[in-house]
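If you're matching them up, the sequences are chains A, B, C, D, E and F in order. Here the first sequence stands for residues 1 to 157, numbered as in our numbering. Here the second sequence stands for residues 1 to 157, numbered as in our numbering. Here the third sequence stands for residues 1 to 157, numbered as in our numbering. Here the fourth sequence stands for residues 1 to 157, numbered as in our numbering. Here the fifth sequence stands for residues 1 to 157, numbered as in our numbering. Here the sixth sequence stands for residues 1 to 157, numbered as in our numbering.
By construction, these hints were calculated from the structure, which means they are not laboratory data. It is possible that some hints are incorrect.
To be verified - Short, incomplete list of chain A residues facing chain D, as computed with Cβ under 7 Å:
#1 Asp38
#2 Gly55
#3 Leu59
Here the structure is a predicted model, which is why all the values come from computation and not from measurement. In this text, a Cβ means the ideal position worked out from N, Cα and C, and glycines have one as well.
Number of protein chains: 6
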Amino acid sequence: MALTHFDAEGDAHMVDVSDKAVTSRVAKAESYIKMAADTFDIISEGRAKKGDVLGVARLAGIMAAKRTADLIPLCHPLPITKVSVELTPDASLPGVRIVATVKTTGQTGVEMEALTAASVTALTVYDMAKAVDKAMEIGGTRVVLKEGGKSGRYEAT
Amino acid sequence: MALTHFDAEGDAHMVDVSDKAVTSRVAKAESYIKMAADTFDIISEGRAKKGDVLGVARLAGIMAAKRTADLIPLCHPLPITKVSVELTPDASLPGVRIVATVKTTGQTGVEMEALTAASVTALTVYDMAKAVDKAMEIGGTRVVLKEGGKSGRYEAT
Amino acid sequence: MALTHFDAEGDAHMVDVSDKAVTSRVAKAESYIKMAADTFDIISEGRAKKGDVLGVARLAGIMAAKRTADLIPLCHPLPITKVSVELTPDASLPGVRIVATVKTTGQTGVEMEALTAASVTALTVYDMAKAVDKAMEIGGTRVVLKEGGKSGRYEAT
Amino acid sequence: MALTHFDAEGDAHMVDVSDKAVTSRVAKAESYIKMAADTFDIISEGRAKKGDVLGVARLAGIMAAKRTADLIPLCHPLPITKVSVELTPDASLPGVRIVATVKTTGQTGVEMEALTAASVTALTVYDMAKAVDKAMEIGGTRVVLKEGGKSGRYEAT
Amino acid sequence: MALTHFDAEGDAHMVDVSDKAVTSRVAKAESYIKMAADTFDIISEGRAKKGDVLGVARLAGIMAAKRTADLIPLCHPLPITKVSVELTPDASLPGVRIVATVKTTGQTGVEMEALTAASVTALTVYDMAKAVDKAMEIGGTRVVLKEGGKSGRYEAT
Amino acid sequence: MALTHFDAEGDAHMVDVSDKAVTSRVAKAESYIKMAADTFDIISEGRAKKGDVLGVARLAGIMAAKRTADLIPLCHPLPITKVSVELTPDASLPGVRIVATVKTTGQTGVEMEALTAASVTALTVYDMAKAVDKAMEIGGTRVVLKEGGKSGRYEAT
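Working from the sequences, and respecting the hints, build out all of it.
Below you can see the structure in the form of C-alpha cells.
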C-alpha cells in the first residue's frame with residue numbers, strides 16, 4: 001500500500017484535492033497532560049485565584065489550529081469555521097484532559113487542525129507549570145471523531 | 001506556591017528575564033507515535049522505497065522549533081543555535097520514537113522548543129500516514145534533559 | 001446579554017460560522033495619527049523628496065490585513081478579495097488620516113481586517129517618524145462601514 | 001531634517017544598528033477603547049461570570065509584541081525579555097485603559113513592540129465585543145516611556 | 001498602459017477580485033541552480049548516501065507556496081489545492097532543474113505561488129551546499145504554464 | 001566531502017553554532033529580472049507617475065530578509081541589524097538589477113538573508129507587472145560578498 005503524500009517516485013507532494021467536493025467537515029482530537037498532585041492543585045484552583053492556566057492554554061490551542069498548514073508541511077490551508085478546546089481537570093490522572101473540535105467547509109478534513117490544537121494546548125499547560133514541575137508528560141493524543149468527506153465517519157473505539 | 005507566568009493580580013505576563021545571565025543551554029525532549037503493525041511496516045521501509053516519512057517529519061520538527069515563541073503565548077523568542085530530531089522505528093511499539101535536541105545561548109531555557117519540535121514531528125508522521133491508519137496515538141511527550149541556567153541540570157528518571 | 005465569543009461556561013471559542021451563508025462583504029475602518037507641525041511637513045513632502053513614508057505605511061497596512069487571523073485570537077481566517085488603504089495628510093490635525101477598505105466573499109465580516117490594516121498603517125507612520133517626534137498619538141480608530149451578511153449594513157454616525 | 005528610515009536617494013531601508021551598543025531597554029505605551037455603557041458593564045463583569053474578555057485581549061497583546069518585526073516593515077527583530085499588558089476598566093470613559101510594557105537587551109528600542117502590543121490588545125477587545133457594539137473607538141495610542149540607548153530617557157508629558 | 005496594482009492616484013492596492021469567478025486554476029514555474037561539478041556530484045549522490053538535499057529543498061518549496069501571500073505584498077491569499085516540486089539533477093548545467101506546479105480553486109491565479117515555490121526550493125539547495133560552494137547561481141526563474149481564469153491559457157515559448 | 005547540514009547518518013539537522021564567535025557579519029547578494037521593453041518603460045517611469053513598483057518590491061525584499069529562517073528549513077534565526085535593497089533599472093537588459101545587503105552581529109552568516117531579500121524583491125516586481133508581461137525571467141541570483149566569521153571574506157569574481 002502506498003502513502004498518498006508521495007508520488008510514484010517516492011517524492012513528497014501536497015496531494016491534489018482540486019476535484020474533491022467542498023463539504024462540511026468536523027474533527028475532534030484529544031490529549032492529556034499528567035502532572036504531580038501539587039501541580040494539579042495549583043492549576044485547577046488557578047482560575048479563581050492565582051492565574052488562569054487553562055484559559056491561556058485554550059487560547060493557544062485555538063490560535064494553533066489556524067497555524068496548522070504552516071507547521072505540517074503537506075497540510076492544505078483550510079478556511080476554519082469553528083474551533084473550540086475544552087480543558088477538564090481530572091484528579092485521577094492527576095492532570096488535565098483536552099478535547100479540541102474543529103470545523104471547516106472545505107475539500108479536505110481537519111484532523112490535523114484538531115490534533116495541533118490539542119497538542120499546543122497541552123504544551124502551553126507545560127510551559128506555564130514547568131517552573132514547579134518539569135516531569136509532566138503529554139499523552140493520549142489522538143483523533144476521536146472525523147466526519148464529512150468521501151472517507152466517511154471515523155470514530156475512535 | 002505561585003506560577004511565575006502570572007503576576008500578583010493573577011494576570012498572565014511574559015516573565016522578565018532581562019537580568020538573567022546569557023548562558024549556554026540545552027534541552028532534550030522525547031515523544032512517540034504508536035501505530036498499527038501494517039502502518040509501521042510502510043513507514044519503516046519508506047526511506048528506501050516509497051517515500052521518506054521520517055525525513056519529512058524530521059524537517060517539520062526542526063522548523064517548528066523555530067516557531068515556538070509564535071505558538072506558546074508566554075514563551076520568549078530565543079536565538080536557537082542547534083536543532084536535531086532523531087526518529088527511530090521501534091517494532092515493539094510498534095511505532096516511531098522521537099528525540100529532539102535544542103541549544104541556545106540565551107537568557108531562558110529551550111525545553112519548550114524541544115517539546116514543540118518533538119510534538120510537531122509526531123504530528124507530521126500522523127499526517128503522512130493517516131490515510132492508512134487513523135487510530136495512531138502520540139504519547140510520552142516529556143523533557144528528558146535540561147542543562148544550563150540558574151535552575152541547574154534536570155534529567156528525567 | 002452574552003458575548004458570542006464565549007460559550008455557556010464562559011470559555012473563549014472561535015464561533016461556529018459553518019452554517020452562515022457565503023456572501024460578499026465589505027468593511028471600512030478609519031484611524032489618524034497626530035504629530036508636531038514639523039513632523040507633518042517632513043512626511044507630507046516626503047514622497048517627492050525625502051522618502052515615501054505614506055507609501056511604506058500603506059503597504060504595511062495592506063499586508064497586515066492578511067495577518068489579522070494570526071493576530072486576533074478568535075478571528076476566522078478569510079479569503080480577502082480586496083484591500084486598499086488611503087492616507088491623507090491633514091494640516092489641521094496636523095497629521096495623517098487613514099481609511100482602510102477590505103472585501104471578502106466569505107462567512108463572516110471583515111471589520112477586524114479593516115481595523116487591523118488601519119492600525120498597522122498608523123503604527124508604521126509612527127515607526128518611520130519616531131526619530132524626530134516621539135509624542136505622536138494614534139486615535140479615532142473605528143469602523144465606519146460594514147456591509148453584507150445577516151446583520152445588515154452598519155454605518156458610523 | 002531627514003528621516004533615518006530613508007537613505008540619501010529617499011529609498012526605504014532598515015537602518016544599520018550594527019555599531020550601537022547592546023543595552024537594557026524598556027518602553028511603555030498606552031491606548032484605550034471607548035464603548036457604550038452597556039458594553040462596558042458586560043466586559044467589566046466578564047471575568048467572573050460570562051467570559052474573560054480582558055484576559056483574552058491581554059494574551060493577544062503579549063503575542064503581538066513578538067510579531068512586531070513581521071508587521072512593521074523597517075523594524076529590527078529583537079530578543080524581547082519581558083512583556084506585560086495591563087487592562088483597567090474605567091467607567092468614566094466608559095471603556096478600558098491599556099498599558100503595555102516591553103523590555104529587551106538589544107541594539108534598538110522597543111517602542112514599536114509596546115505600541116503594537118497596546119494596539120492589538122485594543123483590537124481584540126473590539127473583536128470580542130463587536131457583536132453588541134460596533135461603535136467602539138480606539139484612541140490615545142502613544143508612547144509614555146522609553147529608556148535605555150543613546151537617545152536617553154523619554155517620558156510623555 | 002497602467003499597472004493594475006496601482007489605483008488612479010498611483011497608490012498600491014490589493015486588486016479587487018470579488019467579482020471574478022471561482023475557477024480551477026493551475027500554474028507551473030521553473031528555475032535552476034548552477035554549481036561546480038564537485039558540488040553537483042555531492043548533491044546528486046546525496047539521497048542514497050550522505051543526505052537528501054533535494055528532498056529537503058522540495059519540502060521547503062512546497063511550504064513556501066503556502067507563505068506566498070505573506071511574502072508578496074499585494075498577492076491575494078488563496079486556498080491552494082495542490083503543490084508539487086520536481087528537482088532533476090542535470091549534469092550538463094551542472095546543477096539542478098526545478099519545476100513547481102500549484103493548483104487552486106479560486107478567484108485569481110497561482111503564478112506567484114509557483115514562482116515562490118521554485119525560488120525557495122533553489123535557495124534551499126544553495127543553503128545546504130554553500131559550505132562547499134559559494135559561487136552557485138540561481139536563474140531561469142519564470143512561469144511556463146498558466147491555465148484557468150479569464151485571461152486564458154499562457155504557455156512559455 | 002560531506003555537507004554540514006547532514007549528520008553521520010545522512011539525516012538533516014540545524015548545525016550546532018553554539019561555540020562559534022559572535023562577530024559582525026555582512027553579506028551582499030544580487031539578482032535581476034528581465035522583461036519586455038514596454039514593461040521596462042512602464043516600471044522605470046513608475047515612481048513619478050503611475051505607481052512605485054520598485055518601492056513596493058524593495059520593501060517586500062527587506063521584509064523577506066526577516067522571514068528567512070521561516071522559509072529556509074535549516075537556517076538559524078539571526079538578529080538582523082541592517083537590510084537595504086537597491087533596484088536599478090537597466091535598459092540594456094531590459095529590466096531591473098537588484099542588490100541586497102544584510103548585516104548581523106551573530107554566530108552565522110547572512111548570505112541566505114541577502115539571497116532571500118534579492119529573490120523576493122524580484123518576485124514582487126514580477127507580481128506587479130505580470131498583468132502586462134508574463135514572460136519576465138529572474139536570474140543571476142548569487143552571493144557577491146560575504147564577510148565576517150571564521151571562513152573569512154568571499155567575493156564573487
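Which of the listed hints are not met by the structure?
Violated: hint 1 alone.
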